[in-house]
Structure formats: structure tokens, C-alpha cells
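Build the full structure now, drawing on both the sequences and the hints.
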Amino acid sequence: MADSVWVSTSASAAPAKARPRHSAVVRATHWITTLCFLALLVSGVEILISHPRFYWGETGNVLTTPLFKLPIPASRATVPTGYGYVLPDQNGWSRYLHFQSAWVTVLTGLLYVAFALFQGHFRRNLLPARADLSWRALSTVIARHLRLRPASEEEAWSYNALQRLTYLLVILVLFPLVIWTGLAMSPAIASVFPAAVAVWGGQQSARTIHFFVSVLLVLFLLVHVAMVCLTGFRNRMRAMITGGGRPQMGSEYEQDLTT
Amino acid sequence: MNRISRRKLITAGLVTTAGASALAAAAKLARRYGLIPPDGGGLYGPGETLTYAAQRLLTRHSLAREFSPAQVSKPPFANAVAPLGDAFKRLQEGTFSDWRLTVDGMVARPVSFSLGELKSFPRRRQITHLACEEGWSYIAEWIGVPLSHILEVAGTLPQARYVVYRSIQRHWWESIDMADALHPQTLVAHGMNGGELPVAFGGPLRLRIPRQLGYKSVKYITRLTVSDSLKGFGKGLGSASPEAGYAWYAGI
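For the protein sequence lines, the chains are A and B, in the order given. Quick note on the working numbering: the first sequence kicks off at 1 and runs consecutively. Quick note on the working numbering: the second sequence kicks off at 1001 and runs consecutively.
To be clear, the hints were calculated from the coordinates, so they are not data collected in a lab. Source: prediction; values computed, not measured. Be aware that a few hints might be false.
As the list claims (entries may be wrong) - No more than 20 Å apart at the CA atoms, straight line, and that leaves these computed lysine to any residue pairs for SDA-like: (1) B/1008 <-> A/19; (2) B/1074 <-> A/62; (3) B/1231 <-> B/1074; (4) B/1074 <-> A/64; (5) B/1074 <-> B/1195; (6) B/1089 <-> B/1030; (7) B/1074 <-> A/66; (8) B/1008 <-> A/22; (9) B/1231 <-> B/1158; (10) B/1235 <-> A/93; (11) B/1231 <-> B/1041; (12) B/1008 <-> A/28; (13) B/1028 <-> B/1182; (14) B/1008 <-> A/24.
Structure (C-alpha cells):
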């Protein structure tokens, strides 16, 4: 563990000023992104039910064979779903909310990445140590997760290799991908950056990938929340809200947190 | 709270002031360069303004992708339209020979063209993508008069900022800014896939704006009005779409 050294020394000689578990920028951007993600999810689902069919390539409509379709009712009478009813059209506000939330997510994300690069957040907190990337070390962590063993003491203070890899995947792969495929669906953006659409094989392919990446992000959210609950909901939430959250650290540290 | 140092307080103050000034300056610039959409107020105004301003700065001269004849969707999908009224049916019985497109507002020469006159104008053919906000799409060849040509004939006045266009279906009207109105791919379309424009696809006359979603490409158009402001039209939000909850700008 890269940061375990710091933990062990802090226990014996508590630092004059406690470093928060999560920095203020990480906490603020975390909750703004959470709010936006939920708004994007709700509005995204609303937009999706107006045409719950997916295609590959440049074009697709109800006269085209879909790649797959979701077995749900639709909010448009033109879509054959097998259901005898049509859901109400919610696309207007959903699209407004989707794009507004996307803007806040992107701007928050840029702030976060700038901060993370500037402050060494990626290097210090998210890049796994090389030793932790060996198959042996990784399989130990994975096995412990699968057996739902409680996290070790130092993990309340630092991420394990599996967490680091997951967060890096979400921050550096899934979010950029979902933004890119979202923009690739825009006819105006396609007119300026046609290559951003062409690499996916067309605008319908981009839409399909946008859906799958969103599903992965929702899976991440579910596992993330489940892990927070399993490893001590109060402490983890306190760490992400106030920055503190280690009552085991001793009274001196506690005082520091509450001042 | 006593942990907040003076330096932090000063930094936070400076950052807040700089941020607020930057926002105010951006809003002023956006207003001056016409980067605020008519539905730029209200809860979703900031997001709409960011989208419209950013895309307008990026796309003022960009061309929508054009495709090869092999990529034309067979068959294309005609979206459902509201029932066409008696006025339309009477014109249809006369094979649309009496269909007219009126151009008025801030033009030097208000004018009304018959369908035949429009078909005699220089035409442009383009194979472009039509994407609906619902998520489906098709590719078709569109044949029509560039809107810029019609505006040139009518003589757009220099203060013109928007073109409002109306359908024979009263509830359906839209508007675009001059960047889209004068764009070479913005067509008053009367043909599709090598033939006449079918009624199901907006025939005899529809607008085609390939850099925006389908709902901006109003079918059965009868009137173009050039204006310097959208305030006097409907509720002043730019078109029927914002009045029904949809964004005025549909480039995304």
C-alpha cells in the first residue's frame, strides 16, 4: 500500500494538522457528479423509452432490423413494442435536463482532472503500486471481495488495487467514452468532427455504445454504494462529506476533525 | 471553522470574484454576439445557452456529412403526422399547383412563390442523415432550393437575425438563426430520393436543416418570415417546440 507508511506513522505521532481522507475538491466534485449522474440517468431512461430499440451503423428506425430491443413499453405509438399502451412523452424536459446535467458533469470533471493532475491525486491515490498489480496480489484482493470480508484497517485510509483500477476505469475510460458517444449523436457536432462518429461506425453505433457505457456506469454505482454500506456507511459518508471519518485514529485526531 | 486561514479566505474571495466577473463578461459577450437562444431563460436556460453558444461558435460554417447513394435508407421511415386538414386536401387534389410559399417580414421585396417557380430555381441535391430526437434515423437524398437563394431573391434586410417558418398545420412553426438560414445545406426541399417529395415526408414542400434534429425540418411549409427578434412570435420562445417543452435549438 502506497499510503500505509503514512498511516502507521500517523498513529504513533499524530500530525499537527490532520489531512482529510478526501480533499475538499474531491468531495465537492464527487457530490456534484453524483447529483448530475442521477439526473442524467433519469432523463436518459426517459429519452430511451421513446425508442427502446438499438442499431449498429449509421441509421436505424422501426423499418430496420434492430441489433436488439428492450422488452419495455415505449412513449411513442410508432414503435412496435407488443404492449397495448403508449407511455406519456417526457422527452422535452428530459432532453433539457440531460444536456444541462451533462454540461455540469463535464465542467466538474475538467475541474477534477485539472486538480488531480496538479495535486498528484492520480499518482498518489489512484495509480496502483506496481507490486499490487501482480496476479497474486490482485487475486488476493478479489478473493477477499468475493467472500465479502471486511476491509482491513488501512483501507479506510487508502484504496486497494482493485478500487484504484475501478476508479481509474470509471474516470479515464467510462466517463470520456459516455461523453464522446453522447456528442457523436449530435448532428451539429458530427458536422464539425465527422471522425468522432466514423470511428464508431455511425451515429446509431454511438447511441448503442452510449447505452452500454451507461449500463456499466450504473453497475459501478450499485457496487460502489453496496461497498460503502458494507464497509461502514457512516464513516465512509462522513469521509466524503466532511473529509474526516476515522474515529479509530485516537482522540487527538478526533479533536482535529471536529474543530 | 477556526481552521480556515486568512490566506484561504482571501483565495476563496478572489476566486469567487473572478468567477462572477468572468460569468458576467461571458453573458455580455454572448448577448452581443447573439449566442443566447430564445428559450435561454428559466431552469434549463444555462445549459441551453451553453449548448447553443458552444455549437454556434464551433459550427458556423461546418457542413453536415453527406453520404453516397448506396447509403440511402431503403425504405426511409415516414414519421406520423397530425391529420392534414381540408385546406391541404384541396391543394392536394390540384396536385399542389396552387401551393404557395410567402416570404415576408424584414425583406426588401415581400414575395410569394408558386411550387412551380420554386422548382425552376437553382436546386441542390444532398444525401444527408435525418435524426429524430427520439433516437431513430435514416439517410435520404433531398432536392430543393437553398433557403439562402430564396432570401436573396426577397432581399433580406441587414438587421435580420431569424427566419420564422410556418406549416399549413397551424400548430407547427419553427425558427432558425441566420447562420442556419444562410447555410448552404439548408434547403426548401421539394424532392426526395430522385422524385417528388412524398406527402408522408412533408411534400410538397418542407424545410431540411441537416445540422439539427428532425423536428426543426418542418413539413408542409407555406410561409417564411424574416425578423430581427422572436419576441412577437407565439410566446416569444422562438418556436412551437419550447412551448411544448422542447428545446428551440436542436443541434444536439
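Hints and how they fare:
1. B/1008 <-> A/19: holds (16 Å)
2. B/1074 <-> A/62: Between residue 1074 of chain B and residue 62 of chain A the Cα gap is close to 12 Å, so the pair holds against 20 Å.
3. B/1231 <-> B/1074: violated (42 Å)
4. B/1074 <-> A/64: holds (9 Å)
5. B/1074 <-> B/1195: OK: residue 1074 of chain B and residue 1195 of chain B at ~14 Å, within 20 Å.
6. B/1089 <-> B/1030: Violated: residue 1089 of chain B and residue 1030 of chain B sit about 45 Å apart, past 20 Å.
7. B/1074 <-> A/66: holds (15 Å)
8. B/1008 <-> A/22: holds (18 Å)
9. B/1231 <-> B/1158: Between residue 1231 of chain B and residue 1158 of chain B the Cα gap is close to 18 Å, so the pair holds against 20 Å.
10. B/1235 <-> A/93: Answer holds: residue 1235 of chain B to residue 93 of chain A is near 18 Å, not above 20 Å.
11. B/1231 <-> B/1041: holds (13 Å)
12. B/1008 <-> A/28: This hinted pair holds, its Cα atoms lying about 16 Å apart.
13. B/1028 <-> B/1182: violated (25 Å)
14. B/1008 <-> A/24: holds (12 Å)
The structure fails to meet hints 3, 6 and 13 from the earlier list, while all remaining hints are met.
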